[in-house]
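Here the protein sequences line up with chains D and S, keeping their order.
Be aware that the first sequence starts at 97, since it is given in our numbering, and climbs by one per residue.
Be aware that the second sequence starts at 97, since it is given in our numbering, and climbs by one per residue.
You may find that some hints are simply not true.
Note that identical chains are pooled: a pair holds if it fits in a single copy or bridges any two copies.
Derived pair list, reagent style SDA-like, types lysine to any residue, alpha-carbon separation capped at 20 Å [said to hold, decoys possible]:
1) K208 to G295
2) K149 to Q160
3) K208 to T178
4) K149 to I116
5) K208 to Y153
6) K208 to E222
7) K208 to R155
8) K149 to G246
9) K149 to G204
10) K149 to D277
11) K208 to D196
12) K149 to D240
13) K208 to R143
14) K149 to P201
15) K208 to G251
16) K208 to R117
17) K149 to L138
18) K208 to R115
19) K208 to Q241
20) K149 to A184
For the record, the hints were derived by calculation from the structure and aren't laboratory data.
Number of protein chains: 2
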Amino acid sequence: MTDAGHVPGSVRPGGRTARIRTAVLRAAEDALIECGFAGVDLAEIARRAEVGKTTVYRRWGTPQALVADLLQDMAEQSVRRTETGVLADDLRANARLVVDTLTDPRQGALFKAVIAAATHDRRTAEALHRFYAARITEWAPVVDQAVARGEAPAGTDAAEVVRAVSAPLYYRFLVSGDPLDRTVADRSAHAAASAAAAGAYVR
Amino acid sequence: MTDAGHVPGSVRPGGRTARIRTAVLRAAEDALIECGFAGVDLAEIARRAEVGKTTVYRRWGTPQALVADLLQDMAEQSVRRTETGVLADDLRANARLVVDTLTDPRQGALFKAVIAAATHDRRTAEALHRFYAARITEWAPVVDQAVARGEAPAGTDAAEVVRAVSAPLYYRFLVSGDPLDRTVADRSAHAAASAAAAGAYVR
Chain D
97 MTDAGHVPGS VRPGGRTARI RTAVLRAAED ALIECGFAGV DLAEIARRAE VGKTTVYRRW
157 GTPQALVADL LQDMAEQSVR RTETGVLADD LRANARLVVD TLTDPRQGAL FKAVIAAATH
217 DRRTAEALHR FYAARITEWA PVVDQAVARG EAPAGTDAAE VVRAVSAPLY YRFLVSGDPL
277 DRTVADRSAH AAASAAAAGA YVR
Chain S
97 MTDAGHVPGS VRPGGRTARI RTAVLRAAED ALIECGFAGV DLAEIARRAE VGKTTVYRRW
157 GTPQALVADL LQDMAEQSVR RTETGVLADD LRANARLVVD TLTDPRQGAL FKAVIAAATH
217 DRRTAEALHR FYAARITEWA PVVDQAVARG EAPAGTDAAE VVRAVSAPLY YRFLVSGDPL
277 DRTVADRSAH AAASAAAAGA YVR
């Protein structure tokens, strides 16, 4: 099998490399959604992505490395924070984004597959933790801005407030199975904002 | 293979049945801890439990049914709520119990295996949801008592406050990989109590 389909020299290497990565990551995503982590077979993914098997093996090497790269890509592509000027509103936007993602059939299945894989694979767990660290870093400034405006006390741990918004949503998604909808999202954001205002997240 | 080891008539049937269940559930627990859900093989569990294979197949039938029965047993055996007369203290006891369980190497591995299995098996998910519903029901009265004492407003959703205590702990355990210790437990309990006092969980 070769990486056919392009006339040599007709495409910048960066462009072609980027296209291959996109095709392979989409195929990996499909495999995770359909079959879970056990479905991430490099040869099958190369076939689905219409990319040379050798390329996939050389570039990613293992299913773990491919899933780690997918998580890296998800972090890069994911939605920027909302800044409304009111902490409760920013946190509500964050909570709704999380609920919309987890309740989307494809995205929800993808997150379940990756989180399940992380429970028994260290490399996937590390990639998952980097993904969430990136999301927390993206949203933390809304809390720091709220502290600057006097909506929460100085010393408030911004990352912990952001975690507090997502936590009840993931708890329902992965653990308790209770309903997950925008009402729940709004309540989670409201609770985190209330607790932050009360100083519960001061370091 | 037979269920040998007891002189017929020397043990009440209920006692023997209960002992078989205990031995099989402990063997299932060991298999989950060592190999995850994929390690739950009924024949192998019968061998480990020193129980007849036929008995295990007849009584449980499938790995899913066995894990569901294990979760049922875990719910029955799990620790009763703490009632100190102060909501924040009751919730702190709950949070510390959750952290102690999830950070225990065996219990942590067991919970990870079952939660991962629940992401792709409906029957295990239902059993998991029943387990958490039982835990929430066990702890909800501490919130209702707090409402009666005036520590939180009338109409506070007790179940939601109990979920709010556990949620940040499971989020770290399964998703973000941030540290999980008693400081985190105490902060989670304090945040839930603050948010409840502020009326964030009024239905």
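Okay, the hints, checked on the actual structure:
For the homomeric pair K208 and G295, neither the shortest alpha-carbon distance inside one copy (33 Å) nor that between copies (32 Å) is at most 20 Å. When the C-alpha separation of K149 and Q160 is checked against a cutoff of 20 Å, the pair qualifies only within one copy, where the shortest distance is 16 Å, while the shortest distance between copies is 37 Å. Within a single copy, K208 and T178 get their C-alpha atoms no closer than 25 Å, and across copies no closer than 33 Å, so neither meets the 20 Å cut-off. Within a single copy, K149 and I116 get their C-alpha atoms as close as 12 Å, which meets the 20 Å cut-off; across copies the closest is 51 Å, which misses it.
Neither within a single protomer nor between protomers do K208 and Y153 lie at most 20 Å apart by alpha-carbon distance, with minima of 25 Å and 30 Å respectively. In the homo-oligomer, the alpha carbons of K208 and E222 lie at most 20 Å apart both inside one protomer (16 Å) and across protomers (16 Å), since each shortest distance falls under that limit. In this homomeric assembly, K208 and R155 never come within 20 Å of each other (Cα to Cα): the closest approach is 25 Å inside a single copy and 31 Å across copies. In this homomeric assembly, K149 and G246 never come within 20 Å of each other (Cα to Cα): the closest approach is 56 Å inside a single copy and 66 Å across copies.
With identical chains, the CA atoms of K149 and G204 are never at most 20 Å apart, being 28 Å at best within one copy and 38 Å at best between copies. Proximity of K149 and D277 under a CA criterion of 20 Å is satisfied in neither setting, with 41 Å inside one chain copy and 45 Å between copies. With identical chains, the CA atoms of K208 and D196 are at most 20 Å apart within one copy only, with a shortest distance of 14 Å there and 25 Å across copies. For the identical chains of this complex, K149 and D240 are neighbours neither inside a copy (47 Å) nor across copies (60 Å), given an alpha-carbon limit of 20 Å.
In the homo-oligomer, the alpha carbons of K208 and R143 never lie at most 20 Å apart, since the shortest distance is 24 Å inside one protomer and 33 Å across protomers. In this assembly of identical chains, K149 and P201 lie within 20 Å of each other by CA distance neither inside one copy nor across copies; the values are 29 Å within and 39 Å between. For the identical chains of this complex, K208 and G251 are neighbours neither inside a copy (34 Å) nor across copies (34 Å), given an alpha-carbon limit of 20 Å. Taking the shortest alpha-carbon separations for K208 and R117, neither the intra-copy value of 23 Å nor the inter-copy value of 31 Å comes in at or below 20 Å.
Only within a single protomer do K149 and L138 lie at most 20 Å apart by alpha-carbon distance; the minimum there is 7 Å, versus 38 Å between protomers. In this assembly of identical chains, the alpha carbons of K208 and R115 never lie at most 20 Å apart, being 26 Å within a copy and 36 Å across copies at closest. Taking the shortest Cα distances, K208 and Q241 never come within 20 Å of each other, neither inside one copy (33 Å) nor across copies (36 Å). With identical chains, the CA atoms of K149 and A184 are never at most 20 Å apart, being 49 Å at best within one copy and 57 Å at best between copies.
Hint check: violations occur at hints 1, 3, 5, 7, 8, 9, 10, 12, 13, 14, 15, 16, 18, 19, 20; the rest are consistent with the structure.
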